[in-house]
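Go by the hints and put chains B and C onto chain A.
Residue numbers (my numbering), protein chains in the order written: chain A, 1 to 359; chain B, 1 to 487; chain C, 1 to 174.
Since the hints were made in silico from the structure, they are not lab data.
Note that the Cβ used here is the ideal one computed from N, Cα and C, for glycine as well.
There's no promise every hint is true.
Some chain B residues close to chain A (C-beta under 7 angstroms, calculated; not the full set) [claimed, not checked]:
| no. | residue |
| --- | --- |
| 1 | 254 |
| 2 | 255 |
| 3 | 260 |
| 4 | 334 |
| 5 | 362 |
| 6 | 371 |
| 7 | 411 |
| 8 | 414 |
| 9 | 416 |
| 10 | 422 |
What follows is a list of derived Cβ distance ranges for each label pair [claimed, not checked]:
| no. | chain 1 | residue 1 | chain 2 | residue 2 | range |
| --- | --- | --- | --- | --- | --- |
| 11 | C | 7 | A | 190 | 48 to 58 angstroms |
| 12 | C | 138 | A | 328 | 50 to 60 angstroms |
| 13 | C | 171 | A | 65 | 18 to 28 angstroms |
| 14 | C | 32 | A | 133 | 48 to 58 angstroms |
| 15 | A | 29 | B | 7 | 27 to 37 angstroms |
With a cut-off of at most 20 angstroms between alpha-carbon atoms, the simulated EDC-like pairs for lysine to aspartate or glutamate come out as follows [said to hold, decoys possible]:
| no. | chain 1 | residue 1 | chain 2 | residue 2 |
| --- | --- | --- | --- | --- |
| 16 | C | 85 | B | 440 |
| 17 | A | 347 | B | 440 |
| 18 | B | 446 | C | 80 |
Here is how the chains run, residue by residue.
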Amino acid sequence: MNQPIHGPHAHSSAQLGALMLQVMLALAPATLYSFWLYGWPAFNLWLLCLVLALFWEALFLALFHKPVGAHLKDGSATVTAWIMALCLPPWAPWWLAVVGTFLAIAIIKQIFGGLGQNVFNPAMAARVMLLIAFPVEMTTWIAPEAVAISPPDITSGLAITFQGLSALPDGYSGATLLDAVKNQSAQGDPVSATLSHLDYRPTDAIIGLRGGSLGESTSALLLLGGLYLLWRRVITWQAPLGLLLGAAVPAAGLSLAAPESYPGGVFHLLAGGLMLAAFFIVTDPVTAPITARGRFVFGLGCGLLTWLIRTFGNYPEGVAFAVMLMNSTVPLIDRYIKPRIYGRTRKGDPLPITEGRTS
Amino acid sequence: MFSPRLRGGVHPPGHKELSNASPIRRFPMAERLYLPLQQHLGAPATPIVKVGERVRKGQLVASSQGTVSAPVHAPTSGVVRALAEHTAPHPSGLPVLAITLEPDGREEWDPSLAPVSDPLALPPEELCLRIGSAGIVGLGGATFPAAVKLGSSLKRGVDTLILNGGECEPYLTCDDRLMREEPGNIIRGALLMQHAVQARRVIVGIEDNKPQALAAIRKAAEGQGVEVRSVPSRYPMGSQKQLVQLLTGIELPAMSRAADSGVLMHNVATARAVYQALCQGRPLISRVVTLSGQALTHQGNWEVPLGTPASYLINYASGFDCAPARLIMGGPMMGIQLPDLNVPVIKGTSGILALTRKEINTDEPGPCVRCAGCVRACPMGLQPLEMAANIRNGDFEKARSLGLDDCVGCGACSYICPASLPLVHLFNYAKGELASRQREARKMEKTRALAQRREERLVRQAREREELMAARRAAAARKAAGEESPS
Amino acid sequence: MLVSILPLAGLGTLLGFLLGVASRVLYVERSNVAREIEELLPGTQCGQCGSPSCGAAAEAAAAGELPPAFCPPGGRAVAEAVAGKLGLPLDLASLVDEQPRLAEINEDICIGCTRCYKVCPTDAIAGAAKQMHVVFADACTACGKCEEVCPTGCIRLVPVTETLQSWAWNQPSL
Numbered sequence: 001m002n003q004p005i006h007g008p009h010a011h012s013s014a015q016l017g018a019l020m021l022q023v024m025l026a027l028a029p030a031t032l033y034s035f036w037l038y039g040w041p042a043f044n045l046w047l048l049c050l051v052l053a054l055f056w057e058a059l060f061l062a063l064f065h066k067p068v069g070a071h072l073k074d075g076s077a078t079v080t081a082w083i084m085a086l087c088l089p090p091w092a093p094w095w096l097a098v099v100g101t102f103l104a105i106a107i108i109k110q111i112f113g114g115l116g117q118n119v120f121n122p123a124m125a126a127r128v129m130l131l132i133a134f135p136v137e138m139t140t141w142i143a144p145e146a147v148a149i150s151p152p153d154i155t156s157g158l159a160i161t162f163q164g165l166s167a168l169p170d171g172y173s174g175a176t177l178l179d180a181v182k183n184q185s186a187q188g189d190p191v192s193a194t195l196s197h198l199d200y201r202p203t204d205a206i207i208g209l210r211g212g213s214l215g216e217s218t219s220a221l222l223l224l225g226g227l228y229l230l231w232r233r234v235i236t237w238q239a240p241l242g243l244l245l246g247a248a249v250p251a252a253g254l255s256l257a258a259p260e261s262y263p264g265g266v267f268h269l270l271a272g273g274l275m276l277a278a279f280f281i282v283t284d285p286v287t288a289p290i291t292a293r294g295r296f297v298f299g300l301g302c303g304l305l306t307w308l309i310r311t312f313g314n315y316p317e318g319v320a321f322a323v324m325l326m327n328s329t330v331p332l333i334d335r336y337i338k339p340r341i342y343g344r345t346r347k348g349d350p351l352p353i354t355e356g357r358t359s
Numbered sequence: 001m002f003s004p005r006l007r008g009g010v011h012p013p014g015h016k017e018l019s020n021a022s023p024i025r026r027f028p029m030a031e032r033l034y035l036p037l038q039q040h041l042g043a044p045a046t047p048i049v050k051v052g053e054r055v056r057k058g059q060l061v062a063s064s065q066g067t068v069s070a071p072v073h074a075p076t077s078g079v080v081r082a083l084a085e086h087t088a089p090h091p092s093g094l095p096v097l098a099i100t101l102e103p104d105g106r107e108e109w110d111p112s113l114a115p116v117s118d119p120l121a122l123p124p125e126e127l128c129l130r131i132g133s134a135g136i137v138g139l140g141g142a143t144f145p146a147a148v149k150l151g152s153s154l155k156r157g158v159d160t161l162i163l164n165g166g167e168c169e170p171y172l173t174c175d176d177r178l179m180r181e182e183p184g185n186i187i188r189g190a191l192l193m194q195h196a197v198q199a200r201r202v203i204v205g206i207e208d209n210k211p212q213a214l215a216a217i218r219k220a221a222e223g224q225g226v227e228v229r230s231v232p233s234r235y236p237m238g239s240q241k242q243l244v245q246l247l248t249g250i251e252l253p254a255m256s257r258a259a260d261s262g263v264l265m266h267n268v269a270t271a272r273a274v275y276q277a278l279c280q281g282r283p284l285i286s287r288v289v290t291l292s293g294q295a296l297t298h299q300g301n302w303e304v305p306l307g308t309p310a311s312y313l314i315n316y317a318s319g320f321d322c323a324p325a326r327l328i329m330g331g332p333m334m335g336i337q338l339p340d341l342n343v344p345v346i347k348g349t350s351g352i353l354a355l356t357r358k359e360i361n362t363d364e365p366g367p368c369v370r371c372a373g374c375v376r377a378c379p380m381g382l383q384p385l386e387m388a389a390n391i392r393n394g395d396f397e398k399a400r401s402l403g404l405d406d407c408v409g410c411g412a413c414s415y416i417c418p419a420s421l422p423l424v425h426l427f428n429y430a431k432g433e434l435a436s437r438q439r440e441a442r443k444m445e446k447t448r449a450l451a452q453r454r455e456e457r458l459v460r461q462a463r464e465r466e467e468l469m470a471a472r473r474a475a476a477a478r479k480a481a482g483e484e485s486p487s
Numbered sequence: 001m002l003v004s005i006l007p008l009a010g011l012g013t014l015l016g017f018l019l020g021v022a023s024r025v026l027y028v029e030r031s032n033v034a035r036e037i038e039e040l041l042p043g044t045q046c047g048q049c050g051s052p053s054c055g056a057a058a059e060a061a062a063a064g065e066l067p068p069a070f071c072p073p074g075g076r077a078v079a080e081a082v083a084g085k086l087g088l089p090l091d092l093a094s095l096v097d098e099q100p101r102l103a104e105i106n107e108d109i110c111i112g113c114t115r116c117y118k119v120c121p122t123d124a125i126a127g128a129a130k131q132m133h134v135v136f137a138d139a140c141t142a143c144g145k146c147e148e149v150c151p152t153g154c155i156r157l158v159p160v161t162e163t164l165q166s167w168a169w170n171q172p173s174l
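Pulled out of the complex, with its shape left as it was, chain A reads as follows:
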């Protein structure tokens, strides 16, 4: 017999593709600003990442006999590639994009079962693998002010992208703030001295005058994108807030106790990839817990781990590691943090019957 169609016979306009489009829209200002900061090589890298990610996605969808067209249209691979690009050094060579997108799309996402099945955030896991495998290329930062003085034209931009570090002119590279603070602190220099030596003002980080990954430099624009996503209800506030609190509160506390050894909360919030992670990475639904409280705990863990790695670990930046570690705890969080079912206790037993003789 012809089976009837089950209700509801109405549907919200929220479709996956539309949500992904919103995310891209939110990423656009920070990305465009970064193109302006770092010039053609940055744009080349971004474009390469997008094209390659779509290629890997299509290839592996075909290998797994899934409908290629329908899945490519949902935009998830594009968003992954975009975030991946923002996590790479701005003038990274072409093969980092090839390897990075392959790791993110093929290994982390498709091999784990495709969209919705991956355990780790593809961009973060790929970044961690690249950082361990290619430490030099992954930490060759570009100083924006050097680019501003003599921006590379299209041809030299292509040379930088496709010939790698050998084509990198002298005088462009610089250290990130986190690098500098870590190295100087290791040598016993007080934080304030390091920062004043670097001529640090918090506004620098906001407008992106400090070196870093492609998407890390402009905290203000990332924050703007994040607020837009919050406003459009694409993401919820719990995980971002958790992450920001998790990093800022202990940082502020320790900084208060020993201001010359440890930089404060605002410094940590504005440095590195924290803003990117807060609004675009820990909000990735696939690798985050499903409950509101779970997401807050998840964000808190990511923030705390990031701060711990930055402060006591070997790496100057720890967002990617922190997110990967917390990704692996998601099933645990989902197991223990569940919504209470209406009419039942937290344990799942029916509530005791009380006569409703309220007056």
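Same frame as chain A, now just chains B and C:
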């Protein structure tokens, strides 16, 4: 004042403006009426008329049978033409037994029907009985026999009677119009029900997207001791558990009835039917139906005699503007797809909708990205995505342990899902599957018992035969010995 | 070289020994399994699975000669229990294809010979000699024994008609 924490819910576009401006009009009699014997939850009614018999308007044509059941009355005078199977107003479209009535157009009332002069003077039990014999069921769509609910609430003793004017389903405006046009009758019906269950107070809850209905009911309730409250409009506000919690602060415990917590809820249309039954002597033979959806030419509300086929309703009242993508009985969230246009209007039919593809706005299902929109939308605090994943893996028991039985099937999760997953369909499939397994297991148990009984019987019979044979042999031997011994 | 070979060889030997011990210590009596399976079965000895009795069928299932879904009257409940007992994957396709059926007696040809009544393993047929026989739908397992013995061919197994009560939503296609 309490501020109960309500969870979940969605805000589907209401589309109420399509039909809420037109007053309720009386719908003319169709050429044939089809009265299914089961228009309610529980046991079907038993027909008491014969084919060819003439019946009058309001006359009992099928009496209730068993404790949970409701009688059926003739919506007009006419001749019973058949007692045959007709497409059920049910998603399956399976045939059910229905009385076919051919109206004679004379609208002759059954003379035995008479209003009660002072119903509030009657004992509550008597009131419940009369409401039951008028065939009144929950008109909000659940169609649970009203008298059964009232009777058990009276026995249990309830504190609060809640009148549900939520009407949170999009498109539907029948309750809205009724509250605007007959607020007095609704309040009188509510007071009668209050008397029937001896409730201490009555609260009417109306969604704040119906300001005119709210004002009308407020005016009618003045000085009657009935509290009228505006509730935020959000789907599924008209669901019993949600509305009770919002109005009284009581969270109904799982697997218990509302009456156990001292609460009874009825729809505003049910209250009006109670008023009509007791004060006008008119059993439930018609109801207000919303005709809506953008595929229809004229949307509006009609007082339709029960048994009117959907095709007649659409042809006469409206006609299609464009080919509808889907025809629905009830609201778009919890209503059913009409199996065909012959399906009659029954007691639970709140609306007939003809929706276009654009209004339905659904897509091919995609992979779940764990966005948890369903978790946020679920008014029951369930995790629809986890339940769905387990059902898709065939692990129904795990889904049940996650709260499948607590799902009220409101459809908020399916509505919000960006992957267009048919979540409620999955849950109802799993519920059906679990129920059929339980049936199978029970049958197995029974089969085993029967087989064992037969086995024992066969053994016993064999033994008895054996004993009989032995006795005969012994007797024969004795006889032989007796014959021999004298010699 | 030797340093790496020896520990590995030793480890292999030890683990092999442990596995050997475990297979003896934790050995499950096969016949025990058969008895447990038999307890799960309806016990009507209907023979629909091809085995002469439920006991024999349980033995065969325990030995792996019958798939877990061998018992048609038992349905999915039994199939799942048996599969669980044997730790085997369950292929429900064979069961799903089979619609539930019931024996139905054609009143016009029934001569009241009582043969069906005598063979019915669940006493689902009532009636006396020379009288119409009736089938109790609740008790019938559609084993088909009555169909075999009926001299006039008046018994047929017919699919159970679906009602509003028995109807359920199908599995959505995903």
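*Supplied contact hint for residue 255 of chain B, tested at 7 angstroms Cβ to chain A*: holds, 5 angstroms
_Please check whether residue 422 of chain B passes as an interface residue: C-beta within 7 angstroms of a C-beta belonging to chain A._
This hint holds: residue 422 of chain B lies near chain A, its Cβ roughly 6 angstroms from the closest one there, short of 7 angstroms.
*Does the interface hint hold: is residue 260 of chain B within less than 7 angstroms of chain A, judged Cβ to Cβ?*
Since chain A brings a Cβ to about 5 angstroms from residue 260 of chain B, closer than 7 angstroms, the hint holds.
*Do the numbers back the hint for residue 414 of chain B, that is, is its least Cβ distance to chain A under 7 angstroms?*
This hint holds: residue 414 of chain B lies near chain A, its Cβ roughly 5 angstroms from the closest one there, short of 7 angstroms.
*Between residue 85 of chain C and residue 440 of chain B, does the CA-CA distance stay at or below 20 angstroms?*
holds, 19 angstroms
*Cβ separation of residue 29 of chain A and residue 7 of chain B, checked against the hinted range 27 to 37 angstroms*: holds, 35 angstroms
*asked:* Please check whether residue 411 of chain B passes as an interface residue: C-beta within 7 angstroms of a C-beta belonging to chain A.
replied: holds, 4 angstroms
*Against chain A, is residue 371 of chain B within 7 angstroms by beta-carbon distance?*
Status holds, d = 4 angstroms.
*asked:* Against the 20 angstroms threshold, does the CA-CA distance of residue 347 of chain A and residue 440 of chain B hold or violate the hint?
replied: At roughly 30 angstroms apart (the allowed maximum being 20 angstroms), residue 440 of chain B and residue 347 of chain A break the hint.
*asked:* Checking one constraint from the list: CA of residue 446 of chain B to CA of residue 80 of chain C, max 20 angstroms. Satisfied?
replied: Since the Cα atoms of residue 446 of chain B and residue 80 of chain C sit roughly 18 angstroms apart, the hinted pair holds (cutoff 20 angstroms).
*Would you say the C-beta atoms of residue 7 of chain C and residue 190 of chain A sit inside 48 to 58 angstroms of each other?*
holds, 52 angstroms
*Is the gap between the beta carbons of residue 138 of chain C and residue 328 of chain A within 50 to 60 angstroms?*
holds, 53 angstroms
When each numbered hint is compared with the structure, a violation occurs for hint 17 only.
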